Structure formats: C-alpha cells, structure tokens
Amino acid sequence: MQSAVEVKGLTRVFEPKKKKEGKSVTALNKVDLRIESGELFGLLGPNGAGKTTLLKILSTLLLPTAGKAFVAGFDVEKDFTEVRKRINMVSGGEISGYGLLTVKENLWMFTQFYGMKSSVAKQRIDELLTQFGLADKKDEKVRTLSTGQRQKMNVIRGFVTDPEIIFLDEPTLGLDVNASRVIRDFIVDWVQAKENRTVLLTTHYMMEADQLCDRIAIIDDGRILACDTPENLKKLVKMNRTLKLDVTSLKDTSKFGSIAGVEQFTFQDDAEKNQTYLKFILTHDSAVTDIISEVQRKGARILSLQKTEPTLEDVFIKMVGKGFE
Amino acid sequence: MAVSHDLRTFKNAAWLGWQMEANWTDPFVFATYSIVKPVAGSLILVFMYLVITGGETQTPFFSYMFIGNAFYMFVAEVLFGVTWVIHDDREHYMTLKQVYIAPIKFYIYVFGRAAIKIAITTVGVLVTLAFGVIWLGVEIDLGAVDWMVFIPALLVGLLTMLIMGLALGGVTFLTAKHGMGINEGIAGVFYVLSGVIFPITVLPEWAQSISYLLPVTYWMEALRRGLSPDLMTSLSGATGLSDFSNLEILLTLALSAVAFLFISSAIFRYADKTARRKGKIDWTTSY
Chain A
1 MQSAVEVKGL
11 TRVFEPKKKK
21 EGKSVTALNK
31 VDLRIESGEL
41 FGLLGPNGAG
51 KTTLLKILST
61 LLLPTAGKAF
71 VAGFDVEKDF
81 TEVRKRINMV
91 SGGEISGYGL
101 LTVKENLWMF
111 TQFYGMKSSV
121 AKQRIDELLT
131 QFGLADKKDE
141 KVRTLSTGQR
151 QKMNVIRGFV
161 TDPEIIFLDE
171 PTLGLDVNAS
181 RVIRDFIVDW
191 VQAKENRTVL
201 LTTHYMMEAD
211 QLCDRIAIID
221 DGRILACDTP
231 ENLKKLVKMN
241 RTLKLDVTSL
251 KDTSKFGSIA
261 GVEQFTFQDD
271 AEKNQTYLKF
281 ILTHDSAVTD
291 IISEVQRKGA
301 RILSLQKTEP
311 TLEDVFIKMV
321 GKGFE
Chain B
1001 MAVSHDLRTF
1011 KNAAWLGWQM
1021 EANWTDPFVF
1031 ATYSIVKPVA
1041 GSLILVFMYL
1051 VITGGETQTP
1061 FFSYMFIGNA
1071 FYMFVAEVLF
1081 GVTWVIHDDR
1091 EHYMTLKQVY
1101 IAPIKFYIYV
1111 FGRAAIKIAI
1121 TTVGVLVTLA
1131 FGVIWLGVEI
1141 DLGAVDWMVF
1151 IPALLVGLLT
1161 MLIMGLALGG
1171 VTFLTAKHGM
1181 GINEGIAGVF
1191 YVLSGVIFPI
1201 TVLPEWAQSI
1211 SYLLPVTYWM
1221 EALRRGLSPD
1231 LMTSLSGATG
1241 LSDFSNLEIL
1251 LTLALSAVAF
1261 LFISSAIFRY
1271 ADKTARRKGK
1281 IDWTTSY
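Listed in order, the protein sequences are those of chains A and B. Read the first sequence against this note's numbering and you will find it ends at 325, with the numbers running on by one and no gaps. Read the second sequence against this note's numbering and you will find it ends at 1287, with the numbers running on by one and no gaps.
Hints are computed from structural coordinates only; laboratory data are not their basis. Only a predicted model underlies this, so the values are computations on that prediction, with no experimental measurement involved. Any given hint could be a false lead.
Unchecked claim - Cross-link-like lysine-lysine pairs, in silico, BS3-like; alpha carbons within 25 Å at most: (1) 137/A with 117/A; (2) 1280/B with 85/A; (3) 1011/B with 141/A; (4) 18/A with 1273/B; (5) 1273/B with 17/A; (6) 78/A with 1280/B; (7) 23/A with 1278/B; (8) 279/A with 307/A; (9) 68/A with 1280/B; (10) 68/A with 1105/B; (11) 68/A with 30/A; (12) 17/A with 30/A; (13) 1278/B with 30/A; (14) 251/A with 235/A; (15) 1273/B with 117/A; (16) 235/A with 318/A; (17) 85/A with 194/A; (18) 8/A with 68/A; (19) 1037/B with 78/A; (20) 117/A with 141/A; (21) 251/A with 234/A; (22) 307/A with 30/A; (23) 20/A with 1011/B; (24) 68/A with 1273/B; (25) 318/A with 307/A; (26) 1273/B with 85/A; (27) 251/A with 307/A; (28) 117/A with 1011/B; (29) 104/A with 1105/B; (30) 122/A with 1011/B.
To be verified - Not the full set, but computed from the structure, chain A residues with beta-carbon under 10 Å of chain B: (31) 63; (32) 65; (33) 84; (34) 89; (35) 105; (36) 108; (37) 112; (38) 207.
Yeah, the Cβ is synthetic: ideal placement off N, Cα and C, and Gly gets one too.
Turn these sequences into a full structure, and let the hints guide you.
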C-alpha cells in the first residue's frame, strides 16, 4: 500500500543572510519518517524543533537541503504539481484571508482553485460553516471576524477541498476550549469518515496528541527521537513513576537531580505565590523518602504531593530532556 | 480539462482582482475615483507643459506628450499590478502560501488578477484621452484612426507588459516591500527612455541606444501612429523611429514580446525555485 508520506534522510539547513550575521541553523537533520494512508499522525516537539519546516517541505512551500520527501508517492521537489492536487495545509494562529470578501466568497474561491464543481463546493461550504458554528457569519466580510472565527474559517478552507492528505500546523493554537474541541472532534470524524484520508498534525498540546493521534513522532532539534503509538510511547517510561510536589519557595534545587532513583527532574518557581513546583520521574519508589527529606532539609514545607503514572508529557521530557516551558 | 481549469483559475483570479479594486467603497465613489484619478494625474503634466511653453497646447508635441502619458498608465499599472499581487497576498492578506500550494498555474492566477488592472486602466486611459480631445484639443480623430495598427499594437504591447510584469513578479518573490522600488526604477527608465512624454531624439546618443532596446519605445510609437496618424506624419523625423514602417514597428514589438516571454519565464521559474529554496513564499516582513 502507498504511504501517504515518506521522508528519507530529510535535511533542511537555513543559512544566515550574510555569513557574518550568524551560524546556519539545521532545522531538520536526516529525518526518516513514514506515515501510512489513513493515519492521524502527530508530530510533537517544542518551538524550533523542526515541525513547521517539515510541514512546509511536504506542502511544497519549501525545498529540502538534502534527502527526499514523497507525498502520496510523489516527490515534493520534482512532482509538486501532483502533490498539490492531493493536499491542503492549515496553520494555527492563521488570520489570513481576503478581508474585502465574505467568508463564503473566500472559501468558494479556494474551492474553485482546486477544481471543485460550484454546486458541490457551495453545499460543502454550507455544511462546514454549520459544523464549525460559523453559518451566521457566512455573508460577513472576513475583516469583521474575530481572530478565532478567522482561524475556524481557515480550518474550513483546508478541509473544504477534501484533500487526501492534510497538514495541520498547530490547528488549535490560541483558540478557546470550545473552538478547540470542535476542531479536534471534526479532525477525528473527518479522518474516519472515508478510507485513506490522512492527517499530519503538529501540536504543542500533549493532551491533543494523546487524544487524537494513531501514532506520534517526538521531534527535537530537527531529529525524530521516537515514533510510535501513544500507548507504546508511554511504555517507554512504564517502569517509572512521576512525583509532583508543590512546596513553599525553594532557593536551592541543585541536589534533587542527583538523588538515587531520580531519572529526570524539572522545577518551576512561582514568585507570586511564593511556591516551587517540583516534578520527578522516578526509577525507584525509595527516592520519594529522600526527596521529602531534601525538601525539609532546605527548610521548605510540602503543600501538596501527587504520584502519577507516566503521561505523554513524561515521555516527552524523557526524550527531549526538557518540558515545553 | 487542464485548459478549463486554467480558464477557471483566470476567471476567479480576475473576480478576486475586481473585488480588491472595486469593493472597497460604493459604486458611485468608485466610478468617480476611476475618472478623477487618471485625469488629475495627467493634469499635473499638462500644467507643467503649459508653464514651460507659456500656455500653448495646440502643437503636435502637446498631443504627442498627452497621448504617450495616457498610455503610460498601462505600463505603470500592469508592471506594478503584477508585482503588487504577490506582495499584497504575502504581506497583507497572508494568503500567498494558500494560493501557491493550490493546484493551479500560479502565473495564470497573477495574470487573472492583472487583467482587472488592465480593464480598469483601460477606462482610465479612455477617460484621459477623451478629456484631452474635448478640453485640450489633443489631436485624435476617430475617423482617421488606423485600427489595423492601433489594435494589434495595443494588444501585443499589453501582452509584453504582462510578460515583463511576470519577471518582476518573480523578483518580488525574493524581495520584501523594497521590491516595489525596483519596479519604480524600471517604470522610471521606461518613462524617460521610451519616448513617453518627449521623443527619444532629445536624449544623448548613449541613452538613445538604450531606448532602441526597450519594447515600450516601439509600443508608444505604434500606438501614436495608430491613434493619430496625421500627428505622427507631422512629427516625422523627430521621433527617432521614422525609418521604421508601421509593419516594422509592429514586428519589432512582437519580436520583443517573444524575446521577453523567454526571458521572463526563465526569470520567474528561477525566482520561484529560489524562493522555495530560501523559504520566502510565506515570508512576512511586517513592512
């Protein structure tokens, strides 16, 4: 069966404008990836990990420096015309659109660029506007829409052409809870409604990736660190436990990372509340006693304690060595 | 199938272009603006001419200047129009990447948008010429127009402008707003060196050599010969192109269109690929 996306040794280096101005940046470093047709695939990584660069290459906006990328079996570099017939792309936080046109006109115009029959396009636009709660805005000029409504319109623009493969770059970025839920539910329904529809989604949100994706690749510094189902990824830290502690402000946290049984340690200070949040990934439960002793030795007081099973975030921290914050 | 898709792309791009050009105000204001703008633009030059010549408009050179200046609107609007589409879509509406990854021939989209610029500019040129004939005595006699020269000259010239605009559009892929400066520079070169408002014979010899290489020089000459044959007969010898027959002028214009078709396509393809290589298709500079 034809893979929806296949990437082999893909490398993308951004050179500085002038050599004196700085170093080159390797956004993607020999990335290998295969996404099967019909998959809802997630790409999880911090800012600057290379997620958007990969999507731009796959959507024919950017050329790779080295390596190959195929979408629906077509080379993105040489057969970009064939690729474009089969894809669409939506970027989160996108407020683009022709402000002088109405919502319906904006969407209709793009359907025409994709060769859709006018009657089919009109029906589909109406359906999607209703699904996304924008039906009452269809005759409004785009310039009058709120940021969230513009984002929704752009998500509709991506799906209205019924692509085989859609690239979604943080589609719920900056949206409120309800709007995000509408989009997430729609993505799941869309990919399941017809065979061989494929979604490649990048996200910052662990919950979103965990909830939506069949498989997830964790990417950092332009490299794929792990790629598997959310369940299998969590098994990578199956033997570990997570301990979260909220304590009164701690000035010195240097010892926590070296306590026996602690595999990963992160912390965050909240100066306003005068609190420190500690998070540990443990290989041995025995470390809990030593951690509590260390907290007390530093003169801090424990405000709350929570021990949890591994989450996707824990997998991410284990792989990347840091959280998103 | 491909042709019908291209036609549909052209039609929708033209429709979008029309919305952009005309949909910002009510039809009456737009109509008024469409008439006042070109006339006001021409009057600047007319007043300058009147000051220099002491109020004399009934000379062949006044008509020469007025007609050239009216048709120059096409040069400026088409060259700017094509490049502005790319700049505006990328920086203002942020839709360039969405249009770019659509399964269309991008240059057809650009031509569709530019077609509306041409249509609106045509109205401006007609209004300006009518104003010149009625109020300023510009020498155009509709009964004497050589349509066999004028129509092909107009069409081939417009095509040449579109083709040249495509090359500048390619350059715009690689530049930010300052790309507009390049267009202004090129349009300025045409204005000065192509016999738009004065014959090229007043230029130094080295500049005349450049003039003979510019398609706009032949375009302006052909348009004037078609529109006002008597005027050009009276100026014979003064325009620098008197040795060319009408056919030779048209053929030179057509050949330059073909030459620029190859040059502009090559520049556009190169710029397109370079923009993809450098990641400039969805580049916003906040200018």
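Hints, one by one, checked against the model:
no.: 1; hint: 137/A with 117/A; in the structure: holds (23 Å)
no.: 2; hint: 1280/B with 85/A; in the structure: holds (22 Å)
no.: 3; hint: 1011/B with 141/A; in the structure: holds (21 Å)
no.: 4; hint: 18/A with 1273/B; in the structure: holds (20 Å)
no.: 5; hint: 1273/B with 17/A; in the structure: holds (17 Å)
no.: 6; hint: 78/A with 1280/B; in the structure: holds (19 Å)
no.: 7; hint: 23/A with 1278/B; in the structure: holds (15 Å)
no.: 8; hint: 279/A with 307/A; in the structure: holds (10 Å)
no.: 9; hint: 68/A with 1280/B; in the structure: holds (20 Å)
no.: 10; hint: 68/A with 1105/B; in the structure: holds (24 Å)
no.: 11; hint: 68/A with 30/A; in the structure: holds (10 Å)
no.: 12; hint: 17/A with 30/A; in the structure: holds (23 Å)
no.: 13; hint: 1278/B with 30/A; in the structure: holds (19 Å)
no.: 14; hint: 251/A with 235/A; in the structure: violated (34 Å)
no.: 15; hint: 1273/B with 117/A; in the structure: violated (31 Å)
no.: 16; hint: 235/A with 318/A; in the structure: holds (12 Å)
no.: 17; hint: 85/A with 194/A; in the structure: holds (18 Å)
no.: 18; hint: 8/A with 68/A; in the structure: holds (5 Å)
no.: 19; hint: 1037/B with 78/A; in the structure: violated (46 Å)
no.: 20; hint: 117/A with 141/A; in the structure: holds (23 Å)
no.: 21; hint: 251/A with 234/A; in the structure: violated (32 Å)
no.: 22; hint: 307/A with 30/A; in the structure: violated (38 Å)
no.: 23; hint: 20/A with 1011/B; in the structure: violated (47 Å)
no.: 24; hint: 68/A with 1273/B; in the structure: holds (16 Å)
no.: 25; hint: 318/A with 307/A; in the structure: holds (17 Å)
no.: 26; hint: 1273/B with 85/A; in the structure: holds (19 Å)
no.: 27; hint: 251/A with 307/A; in the structure: holds (23 Å)
no.: 28; hint: 117/A with 1011/B; in the structure: holds (14 Å)
no.: 29; hint: 104/A with 1105/B; in the structure: holds (23 Å)
no.: 30; hint: 122/A with 1011/B; in the structure: holds (17 Å)
no.: 31; hint: 63; in the structure: holds (5 Å)
no.: 32; hint: 65; in the structure: holds (9 Å)
no.: 33; hint: 84; in the structure: holds (4 Å)
no.: 34; hint: 89; in the structure: holds (6 Å)
no.: 35; hint: 105; in the structure: holds (8 Å)
no.: 36; hint: 108; in the structure: holds (9 Å)
no.: 37; hint: 112; in the structure: holds (5 Å)
no.: 38; hint: 207; in the structure: violated (28 Å)
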